[in-house]
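Participant: All chains should be modelled from the sequences, with the hints used to inform the complete structure.
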Amino acid sequence: MTEIELKFQVPPEARTAVSRAAASGRAGQTRLQAVYFDTPDRRLATAGIAVRLRLEGTQWVQTAKAGDPHAMQRHEHNVPVEGAPDGPPPALDLTRHDHTPAGTLIARALGGATLVPLYRTDILRTHRIVHAGRGTIELALDVGEIAAGDLRWPVHELEIELVDGEVVAVLDAAACWVRRHGLWLDVRSKAERGDRLARRVTLGEPVPGRMFPVGASAKEVAATGLAHLLPNASEVASGEFAAGHLHQLRLALRRLAAALRTADADPAWVAALSTTYRATRDTTQAAAAVRAPAFTQALLALQALVVLPDGQAIDMTCNVDDIARS
1 MTEIELKFQV PPEARTAVSR AAASGRAGQT RLQAVYFDTP DRRLATAGIA VRLRLEGTQW
61 VQTAKAGDPH AMQRHEHNVP VEGAPDGPPP ALDLTRHDHT PAGTLIARAL GGATLVPLYR
121 TDILRTHRIV HAGRGTIELA LDVGEIAAGD LRWPVHELEI ELVDGEVVAV LDAAACWVRR
181 HGLWLDVRSK AERGDRLARR VTLGEPVPGR MFPVGASAKE VAATGLAHLL PNASEVASGE
241 FAAGHLHQLR LALRRLAAAL RTADADPAWV AALSTTYRAT RDTTQAAAAV RAPAFTQALL
301 ALQALVVLPD GQAIDMTCNV DDIARS
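Numbering follows this note's numbering, in which position 138 of the sequence shown is assigned residue number 138; successive positions increment by one, without gaps.
Be aware that one or more of the hints could be misleading.
[Unchecked claim] Think about it this way: if two alpha-carbon atoms lie no more than 20 angstroms apart in a straight line, the pair counts; the simulated SDA-like pairs of lysine to any residue are:
1) K219 with T262
2) K219 with V167
3) K219 with A271
4) K219 with R255
5) K219 with V307
6) K219 with T280
7) K219 with G103
8) K219 with A268
9) K219 with A71
10) K219 with A301
11) K219 with V163
12) K219 with Q73
13) K219 with L308
14) K219 with H247
15) K219 with Q312
16) K219 with R20
17) K219 with D150
18) K219 with R281
19) K219 with D264
20) K219 with D142
21) K219 with S274
22) K219 with G209
Because the hints were derived from the structure by calculation, they are not lab data.
Small disclaimer: the values here were computed from a predicted structure and weren't measured.
Facilitator: Here's what the structure looks like:
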């Protein structure tokens, strides 16, 4: 299947309100304890693939995710596995993913190499299903940690995933949470962060951009520009970044704004990108500029442009604002 979701970091000052809002209604809680696998030379991570065994409450599930880890849509395949909830993880078996898109990508990346456990996650998930206008979504507030050896990376993030219906339901709900609680978009997955811990590093490499296609439509411009912008923006927004991340972020902002202007895109998007570009001239203010709700809203609109059918109006009017209320 194709996983369609967005993930947001929750600022410390918003955590109490977000926890109350996430736990309202018919919310449940599930402890998620996972072990992630890769080769010692990181063949899966290099190919944008994650393979894990996760204890979800009392049920073990083997999962493979593949595709661009920075995109809104990825291949995902889940298989329930027999195993004792109070015992060690069951054996990993990649044949469980045979004849699936994720399984094909795994086989291609591994070339027969053997997987080993590299890092773990321990998460308490507060989750509920919401019927929101044009679709059904799952809200999942994850609080816990990623661990590799003696290193830890705390987790406090909200995931919004499409269960059924139109993709715009995820974007519309996201607009509500961003507007009400100041969440900021983060495209770094738990697998990506765990891989860094296993390598004993905290920063990813700055991501360079590609040239825009000649005569590109606004949709093509947005797709190419976001691939450059989003991973660098996530690093800068975290507050821990290198000069290369800030350079690539500012380059992406300038190029994308100019290309969207040429493609006759919504002037409000261009204005938000240009405002952020100017604000990031000051290195000490760069993280706050990228976390700003107006900038995150512009990113959501550009993602809508990429994933929605041509000609469909981009109308994220926050029709489900009650789901974000504390």
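Participant: Is the straight-line distance between the alpha-carbon of K219 and that of T262 20 angstroms or less?
Facilitator: Since the Cα atoms of K219 and T262 sit roughly 12 angstroms apart, the hinted pair holds (cutoff 20 angstroms).
Participant: With a cut-off of 20 angstroms on the C-alpha distance, tell me whether K219 and A71 pass.
Facilitator: holds (15 angstroms)
Participant: Is K219 within 20 angstroms of S274, Cα to Cα?
Facilitator: holds (19 angstroms)
Participant: Tell me if the straight-line CA distance from K219 to H247 falls inside 20 angstroms.
Facilitator: violated (24 angstroms)
Participant: So if I understand the rule, the pair passes when the alpha-carbon distance is 20 angstroms or less; does K219 with L308 pass?
Facilitator: holds (9 angstroms)
Participant: Taking only the CA atoms, is the gap from K219 to R281 under or equal to 20 angstroms?
Facilitator: Not OK: K219 and R281 at ~28 angstroms, beyond 20 angstroms, violated.
Participant: Between K219 and A271, does the CA-CA distance stay at or below 20 angstroms?
Facilitator: holds (18 angstroms)
Participant: So if I understand the rule, the pair passes when the alpha-carbon distance is 20 angstroms or less; does K219 with G209 pass?
Facilitator: holds (16 angstroms)
Participant: Does the alpha-carbon distance linking K219 and R255 stay inside the 20 angstroms limit?
Facilitator: With a Cα-Cα distance of about 15 angstroms, the restraint between K219 and R255 holds, given a limit of 20 angstroms.
Participant: Holds or violated: K219 and D150, Cα atoms, limit 20 angstroms.
Facilitator: Cα-Cα ~44 angstroms, so violated.
Participant: Straight-line Cα separation of K219 and V163 no greater than 20 angstroms?
Facilitator: violated (25 angstroms)
Participant: Under the criterion that the straight-line Cα-Cα distance not exceed 20 angstroms, is the pair K219, Q312 satisfied?
Facilitator: Status holds; Cα separation ~12 angstroms.
Hints 6, 7, 11, 14, 16, 17, 18 and 20 from the earlier list are contradicted by this structure; the remaining hints agree with it.
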